[in-house]
Structure formats: structure tokens, C-alpha cells
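All chains, please: the whole structure from these sequences, using the hints.
Read top to bottom, the protein sequences are chains A and B. Counting in this note's numbering, the first sequence tops out at residue 121, every number present. Counting in this note's numbering, the second sequence tops out at residue 222, every number present.
Keep in mind that the hints were calculated from the coordinates and are not lab data. Check before you lean on any hint, since a few could be wrong.
Derived coverage of chain B by chain A (criterion: at least 3 residues anywhere in the stretch with Cβ under 8 Å from a Cβ of chain A; other residues may be distant) [what the hints assert, rightly or not]:
| id | segment |
| --- | --- |
| 1 | 122-134 |
| 2 | 138-151 |
Straight line, CA to CA, 30 Å or less: simulated DSSO-like cross-link-like pairs of lysine-lysine [unchecked claim]:
| id | chain 1 | residue 1 | chain 2 | residue 2 |
| --- | --- | --- | --- | --- |
| 3 | A | Lys36 | B | Lys122 |
| 4 | A | Lys58 | B | Lys176 |
| 5 | A | Lys19 | B | Lys122 |
| 6 | B | Lys214 | A | Lys36 |
| 7 | B | Lys144 | A | Lys19 |
| 8 | B | Lys144 | B | Lys214 |
| 9 | B | Lys214 | A | Lys19 |
| 10 | B | Lys144 | B | Lys122 |
Given the structure is predicted, the values throughout are model-derived calculations rather than measurements. The C-beta atom is built at its ideal place from N, Cα and C for all residues, glycine as well.
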Amino acid sequence: DAGVTQSPTHLIKTRGQHVTLRCSPISGHKSVSWYQQVLGQGPQFIFQYYEKEERGRGNFPDRFSARQFPNYSSELNVNALLLGDSALYLCASSLRDREGNYGYTFGSGTRLTVV
Amino acid sequence: AQKVTQAQTEISVVEKEDVTLDCVYETRDTTYYLFWYKQPPSGELVFLIRRNSFDEQNEISGRYSWNFQKSTSSFNFTITASQVVDSAVYFCALSETHSGNTPLVFGKGTRLSVIA
Chain A
7 DAGVTQSPTH LIKTRGQHVT LRCSPISGHK SVSWYQQVLG QGPQFIFQYY EKEERGRGNF
67 PDRFSARQFP NYSSELNVNA LLLGDSALYL CASSLRDREG NYGYTFGSGT RLTVV
Chain B
107 AQKVTQAQTE ISVVEKEDVT LDCVYETRDT TYYLFWYKQP PSGELVFLIR RNSFDEQNEI
167 SGRYSWNFQK STSSFNFTIT ASQVVDSAVY FCALSETHSG NTPLVFGKGT RLSVIA
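What follows is the structure, given as C-alpha cells:
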């Protein structure tokens with residue numbers, strides 16, 4: 007069975023540009039969450055989606071947005087990129103929105119570098 | 107507010123030594139889950155264990171063991187007879203369950219280097 011798939015694996019963008027990151031959850035998982043991991047830090051929660059609805063948002067600016075599609079895959083969009091957006095972006099899927107009951111499975115992430 | 111503290115930034119041990127990674131958490135919820143993840147250089151977070159707040163039994167899985175103590179809000183992780191393949195960054199995380207939305211709150215991680 008395929009795990010959580012993220013694309014692209016690496017990306018280099020220029021300040022001010024826009025980026026779209028993609029995530030396909032494990033088959034049967036209906037919840038997708040996005041995390042940002044800056045070098046040397048633990049992952050920080052950005053968004054959670056369940057059944058195509060936003061269920062939670064972390065402390066990130068409005069430049070960050072996301073959506074979930076009918077097949078439960080998800081996109082994370084970041085506008086007007088800043089140097090500080092350089093990070094590993096991790097996607098996690100779970101069966102339901104109550105992740106504490108079922109746990110998360112993470113993808114390998116997209117490493118975004120803003121220059 | 108939720109908070110997870112991993113005071114050890116980096117630990118270096120010689121192969122076959124035992125090593126304990128510390129995790130202290132803060133939460134106002136009475137029901138919560140604690141996790142440990144391993145992050146190898148590839149970047150993927152590998153799930154190791156999930157423990158709910160009502161189960162304080164210690165757990166052992168092969169060379170790995172976990173000590174959960176609610177009285178001290180700690181959830182420590184011990185690797186026995188460490189191996190070079192154990193070298194990675196280890197994260198402790200907390201998830202509250204007061205609502206349907208339970209994002210993980212991570213500590214800053216502990217980088218473990220096992221030297222042959």
C-alpha cells in the first residue's frame with residue numbers, strides 16, 4: 007500500500023513568488039494536515055482538513071491557504087513567498103479528524119527553499 | 107496552552123550504550139495523547155508510539171521502552187543497546203482531545219548520534 011505521497015520533493019522559488027505543494031493521503035484516510043518544519047525545530051501545525059472542510063488552522067499568515075479535494079488529496083498554497091518560508095513542509099494523513107485515536111502517518115515532505 | 111519540552115538538543119553515545127531521551131509536556135486537558143516520532147535524514151517522520159493519558163503502563167518494544175509518568179508530566183524514551191541505525195532526530199508530541207481538531211504539538215527534538 008502506498009503511504010502518504012507529497013510532491014514535489016524539492017523546490018526552489020524566488021521571494022514574492024507563489025508555490026503549490028501537493029499531498030495524497032493513504033487510501034481510506036479522510037483527514038489531511040499540513041506542518042511546517044524550519045531547520046532545527048519541530049514541525050508546526052498549519053492546517054487540518056477533514057472531508058474537504060477546514061477543521062483547524064495554526065498561527066500562520068493569510069498568505070498560507072489550503073484545500074482538500076473530493077478524493078481527499080490536498081494542496082497547500084503559499085503566496086508572496088518570504089525567505090522565512092524556507093522549510094520542510096510535511097503532510098500527514100489520518101482516518102478521521104480525531105487524530106489522537108488513530109494517529110498520524112507522515113509523508114517525506116517537500117523541501118522549499120526561497121532565495 | 108499545550109507545550110512539549112525536549113531539553114536535550116543533542117546526545118552522542120557509543121554503540122551498545124543505553125540512552126534516554128527526555129520529554130516533558132504541559133496541558134490543561136485530562137484526556138490527551140502522547141507520541142514519539144523518529145526523523146531520519148530522509149525527512150519522513152516515522153511513528154514509534156502513541157500513548158493515551160489514561161494508560162500509565164510502561165511499554166517495551168524490542169530495544170525501545172517508554173516511561174509515562176503523569177505525576178511529573180513526563181514521557182521519556184529509552185533505547186537499550188543503541189545501534190548506529192538509531193541515529194536520527196527524535197520528536198515527542200502531544201495531542202489534546204477536547205474537540206474534533208487535535209493537531210500535534212511537537213517539541214524541538216533531540217538529535218541522537220550513535221557512534222560505532
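Each hint tested on the structure:
| no. | hint | result |
| --- | --- | --- |
| 1 | 122-134 | violated (count 0) |
| 2 | 138-151 | holds (count 8) |
| 3 | A:Lys36 x B:Lys122 | violated (42 Å) |
| 4 | A:Lys58 x B:Lys176 | violated (36 Å) |
| 5 | A:Lys19 x B:Lys122 | violated (44 Å) |
| 6 | B:Lys214 x A:Lys36 | holds (28 Å) |
| 7 | B:Lys144 x A:Lys19 | holds (29 Å) |
| 8 | B:Lys144 x B:Lys214 | holds (12 Å) |
| 9 | B:Lys214 x A:Lys19 | holds (26 Å) |
| 10 | B:Lys144 x B:Lys122 | holds (19 Å) |
Hint compliance for this structure: hints 1, 3, 4, 5 are not met, and every other hint is.
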